[in-house]
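Chemist: For reference, the chains in residue letters:
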Amino acid sequence: MRNPYRTQRIAFFFLLLATLLIVVPVGLIVVIIVQKGLPAINWQFLSDIPRHGMRAGGIFPAIVGTIYLVTGAIIFALPIGLLAAIYLSEYSKDNFLTRLIKLAIVNLAGVPSVVFGLFGLALFVVFFKFGASILSGSLTLGIMILPVIITTSREALESVPYSFREVSLSLGASKWQTIRHIVLPNAIPGILTGTILGLGRAAGETAPILFTVAAFYLPRLPASVFDQAMALPYHLYVISTQVPNVDEKIRYGTALVLLMLVLMMNLIAIVIRYKFRKMKKW
Amino acid sequence: MTDKIITKNLDLWYGTFRALKNVNAGIAEHRITAVIGPSGCGKSTLLRVFNRMNDLIDGVRVTGEVLIDGADMLLPRTDLVTLRKKVGMVFQRPNPFPLSIYENIVFGERIHAGRITRDGLDEIVERSLKDVLLWDEIKDRLNEPALRLSLEQKQRLCIARLIAVRPDVLLMDEPCSTLDPQATARVEELMRELKNKYTIIIVTHNMQQAARVSDDTGFMLLGELIEFGRTEQVFTAPRDRRTEDYITGRYG
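Here the protein sequences line up with chains A and B, keeping their order. For what it's worth, numbering that gives the first Met the number 0 labels the leading residue of the first sequence as 0, then goes sequentially. For what it's worth, numbering that gives the first Met the number 0 labels the leading residue of the second sequence as 0, then goes sequentially.
One or more of the hints may lead you astray.
Residues from chain A shown here face chain B by an in silico Cβ test under 10 Å; the list is partial [said to hold, decoys possible]:
no.: 1; residue: 78
no.: 2; residue: 98
no.: 3; residue: 172
no.: 4; residue: 180
no.: 5; residue: 184
A few chain A residues that face chain B, going by a derived Cβ cut-off under 8 Å, partial list only [what the hints assert, rightly or not]:
no.: 6; residue: 9
no.: 7; residue: 13
no.: 8; residue: 158
no.: 9; residue: 162
no.: 10; residue: 166
no.: 11; residue: 171
no.: 12; residue: 173
no.: 13; residue: 181
Hint data in this document are derived by calculation from the structure and do not stem from the laboratory. Every residue, glycine too, gets a C-beta built ideally from N, C-alpha and C.
Model the full assembly from the supplied sequences, consistent with the hints where possible.
Modeler: Structure, rendered in structure tokens:
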């Protein structure tokens with residue numbers, strides 16, 4: 000006879016092991032990058048332009064460029080993504096068109112980021128003649144994070160209990176009033192969380208901006224949305240592979256800044272989700 | 000005694016399933032009408048005809064006439080906003096919005112009124128809460144989340160939220176099924192109070208409740224209105240064999 004409890008203990012052990020294995024790489028990445036990058040971090044590093052062929056000075060233009068790009072991406076992606084999510088969760092009927100749209104969203108999420116880059120190059124840089132610019136880069140990143148925003152917003156909207164909608168309608172509210180006053184307010188935490196996760200993804204991507212906006216070296220801040228800009232992920236690539244003799248701590252310092260930026264956004268998302276989850280009790 | 004709601008040859012299909020079969024009834028004004036019957040007999044469906052909540056479900060088809068104050072509200076041109084302000088619904092599970100007590104009650108006013116004044120809202124809150132006998136209990140905690148109330152208070156609040164939009168008819172879909180016996184008794188007391196101002200239709204699977212609170216009773220079975228009459232008569236001298244079987248507990 001097999002002992003079911005022993006089998007269970009073994010199963011639990013492997014489940015736990017697999018879970019711990021997920022934590023290990025995260026911990027290692029953070030530890031190594033912090034260890035090697037922290038010595039580079041000082042006020043000058045964060046606020047100065049790169050000097051001596053990017054072997055010294057700071058990374059300020061790259062930080063600013065990334066912030067511009069991420070902000071631009073969200074300006075494009077959030078309204079469109081949210082409206083699409085509202086349509087899909089509240090209005091669409093289950094028909095061929097809806098299934099096609101949902102399939103398109105899933106596929107959009109699966110497109111490799113380098114393909115987005117090429118697409119952005121063809122459409123925004125060349126066809127619309129925006130050139131290599133913050134505008135082109137933001138639009139490209141915006142399209143890339145649309146699926147994240149649509150999917151998380153839709154989940155947030157759909158998690159609002161049906162009974163709320165039913166009551167609202169039964170009190171004579173129109174469908175739009177119901178969405179506006181009942182569904183949306185209760186879905187905002189989820190929408191925010193998804194948006195911030197999308198932001199984090201946009202901040203870290205290299206390929207899409209490589210084709211559409213990123214400057215190899217630009218020792219000034221961009222003046223308009225039609226300007227090129229430096230960005231952290233691409234800068235990291237450049238100083239790690241294209242420029243010889245860059246001090247290791249500058250590379251890891253850059254990686255640390257990028258990592259912190261993304262982790263901070265994720266942290267904000269987690270805090271928002273936590274706070275609102277405590278608030279709602281239905 | 001006039002009939003507030005009259006149904007004529009009312010049929011309802013979910014796709015190909017006929018959920019209501021030729022229902023003819025007259026619901027009297029300022030009385031409590033109970034609809035009883037076993038699960039799946041169509042009593043909730045019938046209730047949801049009166050405020051057109053079945054419209055939310057795909058594939059529902061309704062034929063016949065339902066006159067409310069003489070006007071057929073099944074016609075496509077019926078304004079659902081006006082209808083639902085006039086015919087409100089209390090649901091099985093108390094379902095306040097995750098807002099404050101105050102904001103729950105003024106929800107309808109915020110949606111419907113053109114101009115909103117703080118005094119106007121205050122007055123609505125006080126009047127509605129007094130109508131459901133909740134004012135003294137919670138007047139000092141109006142800004143607390145409604146979800147913190149007890150189940151019975153929540154259900155009363157839902158009734159208050161509903162009467163704040165000044166309906167004529169209250170549809171109650173098993174309003175006490177989540178409440179304990181004491182709370183149920185108090186809500187029934189409230190219903191007797193409310194019938195002076197409103198016409199009430201209550202769907203219940205609890206026959207004692209129907210016998211206790213209602214003036215008229217309809218018994219439904221498999222989508223048909225088998226018997227409809229004075230509650231006393233339906234419970235003591237049912238005309239139909241099937242009604243008798245049901246109320247004596249032989250099935251359901």
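Chemist: Each of the hints needs a verdict: does it hold here or not?
Modeler: The hints, checked one at a time:
no.	hint	verdict
1	78	violated, 25 Å
2	98	violated, 16 Å
3	172	holds, 5 Å
4	180	holds, 7 Å
5	184	holds, 9 Å
6	9	violated, 44 Å
7	13	violated, 41 Å
8	158	violated, 13 Å
9	162	holds, 5 Å
10	166	holds, 5 Å
11	171	holds, 4 Å
12	173	holds, 7 Å
13	181	holds, 6 Å
In the structure shown, a violation is registered for the earlier hints numbered 1, 2, 6, 7, 8, in ascending order.
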